Amino acid sequence: MTCNSAGRFCLSLIENDRVVSKNSKHFNQILSHSIASGLFQDPFVSSKLLLLSLSLSHSNANNLHFPHTLFSQIQNPNIFAWNFMFKAYSHSNTNTNTNTTSSPQQCISLYNLMRRRFELFPDRHSFPFLFKACARLSLSHKGQELHSLTFKLGLQHDVFVQNALLSMYSFCGLLHNARQVFDEIPLSVRDVVSWNSMVSGCIQGRCYWDALKVFDEMLKCDVNARPDEVTLINALTACARIGFLDMGRKIHGLLVRNEFVLDVILGSSLVDMYAKCGQMENARKVFDTIPDKNVVCWTCLIAGYAHSHLFKESIELFREMQARGVTADAATIACVISSCGHSGALDQGRWVHTHCERSGIHFNLSVKNALIDMYSKCGDIQRALKIFHALNLTKRDVFSWTAMITGLAMNGQSDEALNLFSQMEMSGGIVRPNEVTFLGVLSACSHAGLVDKGFHYFNHMTQSYNLKPRIEHYGCLVDLLGRANLLAEAERFISAMPIQPDVVIWRSLLFASGSHGNIELAEFSAKRIEELEPKKCGAHVLLSNVYASASRWSDVKNMWKSMSLQRIQKLPGCSFIEIDGVVHEFFVADDLHCQMDSIYETIIRINKVIQAEGFDPEI
DNA sequence: GTAGGGTTAG
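Convert by adding 1 to the 1-based position in the first sequence; the result is the number in the numbering used here.
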């Protein structure tokens with residue numbers, strides 16, 4: 002074959018690239034011919050072949066070895082060839098142990114090579130890939146350097162370049178810069194992608210109100226860029242994160258009016274929005290209309306029930322999902338395990354745990370944290386500790402530490418809880434305790450009656466960590482003082498608090514004063530509760546218990562009389578226990594359980610044992 | 001004569 006005929010052969014096949022791109026044998030033939038004939042050094046031919054090699058390795062997205070070799074054989078790659086390589090590397094995986102060349106870092110290295118050795122400038126097609134690589138590597142400095150180059154090259158009005166630039170800034174956490182880029186794109190140039198990138202950038206930066214402001218602005222001022230599905234998904238996400246139901250409803254109306262197709266992603270966003278706003282009925286309604294529900298969609302609803310403290314429903318829905326053949330992933334599992342923990346369903350939680358181990362579901366940190374929390378809440382502190390200690394020190398996040406500290410505290414192991422907190426602080430500042438961590442620490446102090454330590458940690462929290470105490474922290478301290486019979490101090494502490502005390506605080510004081518026989522203070526606290534919750538029976542019942550323990554029976558009687566006069570009904574106290582995966586519920590004076598006789602027999606037997614040990618149980 | 005962006009939901 003002569004050079005010319007080889008050239009014609011190559012070109013005709015290259016032009017027919019739909020055939021070639023599916024057949025590597027064809028491709029290899031063309032490549033050999035082009036090299037043998039010297040046609041490979043034609044810039045058009047080499048870049049076209051490079052593109053073909055990339056589309057052939059497309060099924061194996063991270064194996065860019067062959068295209069890279071091919072690229073390195075091009076003596077003077079044109080901008081097309083460079084851009085093909087930028088594109089491939091900017092999308093490739095960051096961590097591939099087997100092939101270290103597949104990473105966005107390669108994109109940047111190649112760019113540097115292009116500038117230094119070949120003295121070529123990037124063009125409008127290069128920038129989106131280069132910005133993508135910077136974003137994925139959090140290389141904001143490189144991104145800024147490229148930003149200045151766009152001015153030099155007069156690309157400040159190229160909407161592709163500008164959109165990629167603004168996404169890069171928000172990805173790197175520089176929301177302010179992103180906003181500046183956005184503002185500088187003229188309205189006539191801005192498209193729906195510009196708006197979506199800005200909204201999504203605000204969400205990434207956790208500025209949900211700003212996200213909705215941008216969305217609102219888009220609806221009002223830009224007739225050229227109508228919201229698309231991505232816009233609505235982003236806006237719904239923002240509503241979900243801040244629980245903004247009114248706006249969420251408005252978006253729901255908008256998507257119905259504009260006849261958007263409710264696919265699984267838009268549907269899930271809507272379910273999530275309603276669920277996060279506590280509207281479980283609406284969430285369920287939307288959920289039922291979504292075709293081809295996937296695991297994310299189910300998890301939104303499962304998590305929604307848990308968010309609304311409907312743990313039983315959350316676990317039941319998980320079972321239903323499995324029955325429908327949808328495979329759970331780590332997010333689902335973390336959520337269900339947490340529901341098991343909150344409802345005390347240890348057997349179910351344990352079942353989920355083993356089920357995951359057997360079915361090879363990846364245990365990410367959220368799952369492990371949920372397991373620590375569940376086992377602690379269900380009293381299996383050894384299991385919780387085992388999982389916690391198996392976690393590498395550098396892997397533990399604030400939730401792992403907090404779950405374990407709180408778990409130890411609620412299981413009466415206050416010293417261990419406080420020890421663990423010291424370990425957390427000594428772990429080199431990798432993880433900073435948050436408000437919830439300190440709740441665990443304070444409750445450990447409260448359970449062990451460590452008054453001074455409790456106040457020490459309270460000050461430590463505000464002074465060393467600059468954390469603002471919430472009402473729950475004040476509640477812990479009131480509890481701490483109350484349990485230690487420092488009732489006057491507790492009262493003083495409440496009146497000096499910078500926040501208005503809530504019923505929990507007064508209930509805590511009522512309980513403490515009752516158990517230490519200070520009826521006057523108990524009455525005072527009950528009054529405060531009644532002022533805050535006039536319709537509820539809590540204060541009446543607690544106070545009548547106080548009277549009863551002081552044998553003031555006429556007061557007990559009056560208490561109940563006034564309750565019936567005010568038509569306040571006492572909700573029956575309820576407790577539950579899980580045995581062999583079944584949750585058994587008991588109400589006060591309940592005789593509905595099928596094994597009631599043997600249950601009461603056991604209680605009487607236990608009481609006898611307790612009395613024989615010299616205790617006088619209060620029944 | 002080749003090519004470009006926002007992957008958006010738990």
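Hints in this document: simulated from the structure, not taken from any laboratory.
Owing to the predicted nature of the structure, the values given are computational and were not obtained by experimental measurement.
Hints are supplied without guarantee of correctness; some may be wrong.
Capping the alpha-carbon separation at 27 angstroms, the derived lysine-lysine pairs in DSSO-like fashion look like this [what the hints assert, rightly or not]:
1) K143 x K88
2) K454 x K469
3) K313 x K251
4) K286 x K313
5) K143 x K221
6) K537 x K313
7) K251 x K214
8) K562 x K537
9) K528 x K562
10) K609 x K558
11) K153 x K88
12) K251 x K221
13) K294 x K313
14) K537 x K558
15) K558 x K536
16) K153 x K143
17) K558 x K528
18) K562 x K536
Can you list which hints this structure breaks, lowest number first? 3, 5 and 10
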